[in-house]
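The residues making up each chain are set out below.
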Amino acid sequence: MKRPRAAIAFVIACSLFVTSGASSASPARNAAVDRPAATGISRGPCRPVCPGFPVSVKSGDGTVRIASRPERILSLSPSATQMLYELGAGSQVVGVDEYSTWPANAPRTKFSGDETNAEDYLYLKPDLVIFAYPSGTIIQQLQKLKIPVLLLPAATTIANVDSQLAELGTATGHPNGARSLESSFAADIASAVRTADGDGRGATYYVELDPTNYYTATSKTFIGAEFSLFGMRDIADAAGHGSQYPQISPEYILKENPDYVFLADTVCCGANAGNFARRPGFSVLKAVHLHHVIGVNDSVASQWGPHTMEAFVSLLARLLRQGAPT
Amino acid sequence: MTLAADKTFGADKTFAADKTIAADQEAPPALFDAPGAAAPTIYPTRLRLTHVLGGVAFLASAATLSVLVGPADLPAGAVIKYLLSKLPFVHLHSGLSTTGSIVVWQLRMPRMVLGGLVGAMLAVAGASYQGVFANPLADPYLLGIASGAGAGATIVIVEGPALGNLPQSALPPAAFIGGVIAVAATFALGRARAAERSAASMLLAGVAVSAFFVAVQTFLMQRSSPGDLTLVYGWILGGLSTAGWGQVGLVLPYVAVAAAVLFACRRLLDVLTIGDEEATSVGVRASHVRLVVILAATLGTAAAVSVSGLIGFVGIIVPHTIRLIAGPSYRRIIPLSLLFGAGFLILADILARTVLSPGEVPLGVVTAFLGAPFFLVVLRQAKRLG
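Going line by line, the protein sequences match chains A and B. Residue numbering for the first sequence follows this note's numbering, starting at 193 and increasing by one per position. Residue numbering for the second sequence follows this note's numbering, starting at 6 and increasing by one per position.
Worth double-checking, as some hints may not be accurate.
[Said to hold, decoys possible] With a Cα cut of at most 30 angstroms, we get these calculated DSS-like pairs of lysine-lysine:
(1) Lys336/A <-> Lys302/A
(2) Lys478/A <-> Lys86/B
(3) Lys86/B <-> Lys447/A
(4) Lys336/A <-> Lys317/A
(5) Lys338/A <-> Lys412/A
(6) Lys302/A <-> Lys250/A
(7) Lys338/A <-> Lys302/A
(8) Lys91/B <-> Lys478/A
(9) Lys478/A <-> Lys336/A
(10) Lys412/A <-> Lys317/A
(11) Lys91/B <-> Lys447/A
(12) Lys317/A <-> Lys302/A
[Claimed, not checked] Sample of chain B residues with no beta-carbon within 12 angstroms of chain A, all distances over it, derived:
(13) Ala81
(14) Ile162
(15) Leu209
Hint data in this document are derived by calculation from the structure and do not stem from the laboratory. All values reported here derive from a predicted model rather than from experimental measurement. Just so it is clear, CB atoms sit at the ideal spot from N, CA and C, and this is done for glycine as well.
Make a model of the complete structure from these sequences and hints.
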């Protein structure tokens, strides 16, 4: 009976690891987070002119011109929040959405990012608003108010994350910080992949996003890109039919019998290895027998910030290296 | 309460069409007879064997196909042998692997049975609602079940963590309770508005209650996270992905009792088609019949949607298709709705899991895609023949 108990402890440890925000980032990187020295650009309003401004950056809906360095940034994307703080623009942030849980000292607001009335944001006097999923005509409303808006939709590859870092660096006056972050991000990811030492190559996996309708993520998403780093194969790829987040059937999961199952619905829906194994037919799955059903924080499938991605890639590397938890 | 219509009315008198109109002289079926029409049209009412056999064949074909088809690509012969081996005194070696037998017995079979139960319930409830409200657009969700169940499900999904970490297993009971509360509220409001529970006052109350619960649901969704929204929309669009024998056991008693009550009321529904006053004059208390039928249909529908989510169109499409084919008598529509409703939803579910195989399409999307054009074809065909 030691084995299941140990397995449960391992799953809990993994969940805590990802949930607690433990990062595999190098100590030097963490120390550099949001420190001016890391970017080489001074803090505070730059008057009468900011060096390097105005700038034009690529946004999800076109090109945005930013006249001067933003000093009151409102980030309504948890991933962008992570990027802002890691590249050194944290002190320019005056508000983040309620889902931006990292870093813990970010000025959280009650905004969800779904607001449809630009007036809601005005009390913060933002001079740059960042969205991932804007609602209604909020962008047009902010543009009428002469407030620049940066749209950074969900990344689909690691390269997408890098380019979003670069755009944010340019937009906030921290191009060097962005470059430095890109380098350390790439180094940390490469280091994690080396840790796995080829283990996991060809292994199959299933990422569960909800336990009711069996929505999942294909390898054409940022979380899929993380598995691809290790040469793993997503069982949902055949079911995509153009969708990055398709709905599959439990019969297909049984048929494919994945080596690993990652439950990214532990927070929303209380999924865990135990109740997963108790679903009709799932007790015979290879992943269940090998104790390869891993509960992770839901954010790993919805946030592509460097902090979340590094933590998850590091977890993956360790899992693959260790094989079945004991 | 006067429910024994056979003693006072019905088949033996005004609606004794079996005796007065020969089967080969059937009048062309009409979509709907409004109550209080100048003179009630007389139609044959006896259930024809060919219709029953057609329904049984349709259901059996759909059920068989349902257990044979799936992304696991199991050999049809082996699946049939495996199912036959489940019968008493039959000893067959199917050749299915352990996983294959689990796919058939724990995934496909309960999914097929649950689809049949939900489809039968939605179809018969839709037919019954159309009868008691004399409204061709009535469906099982008319009195607020959908919005009430939707609000219940959304509360569990969105507010679950704040309510002591409610598990996902709390979703079906919450949807059931929400649906029943909504219909109870409709009843209370409908009665408050008029001394008698007339069809019109009940319908208006249903509109108000639905609007209220939709507002509650929308408010909660507006405050929810994108992940929660996916769950809520997944539930709203309906599906049988998580079907298991446990859910079949949960729903079966409600559907069985509700279907039995509605089946027993089929003659009384015929009586209501001539109008409340006329029904009363022949000894049938329309308000009592309406209460019993609505209660049965509500409990059955609430149980069905609690496990399947909101699957639209079945409650309209199936009864009307049967009405066009077999005539407007509820003595035909009710039993045939059970058979064809079950078969229709099983077929729709086969499409839901094969169109984008191995991906799935929400079942509610398939019923709407399939139902709307199919219904138009039937309508056009009936018009041409008529």
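The hints, checked one at a time:
no.	hint	in the structure
1	Lys336/A <-> Lys302/A	24 angstroms, holds
2	Lys478/A <-> Lys86/B	26 angstroms, holds
3	Lys86/B <-> Lys447/A	20 angstroms, holds
4	Lys336/A <-> Lys317/A	14 angstroms, holds
5	Lys338/A <-> Lys412/A	35 angstroms, violated
6	Lys302/A <-> Lys250/A	28 angstroms, holds
7	Lys338/A <-> Lys302/A	23 angstroms, holds
8	Lys91/B <-> Lys478/A	26 angstroms, holds
9	Lys478/A <-> Lys336/A	56 angstroms, violated
10	Lys412/A <-> Lys317/A	37 angstroms, violated
11	Lys91/B <-> Lys447/A	22 angstroms, holds
12	Lys317/A <-> Lys302/A	16 angstroms, holds
13	Ala81	15 angstroms, holds
14	Ile162	8 angstroms, violated
15	Leu209	31 angstroms, holds
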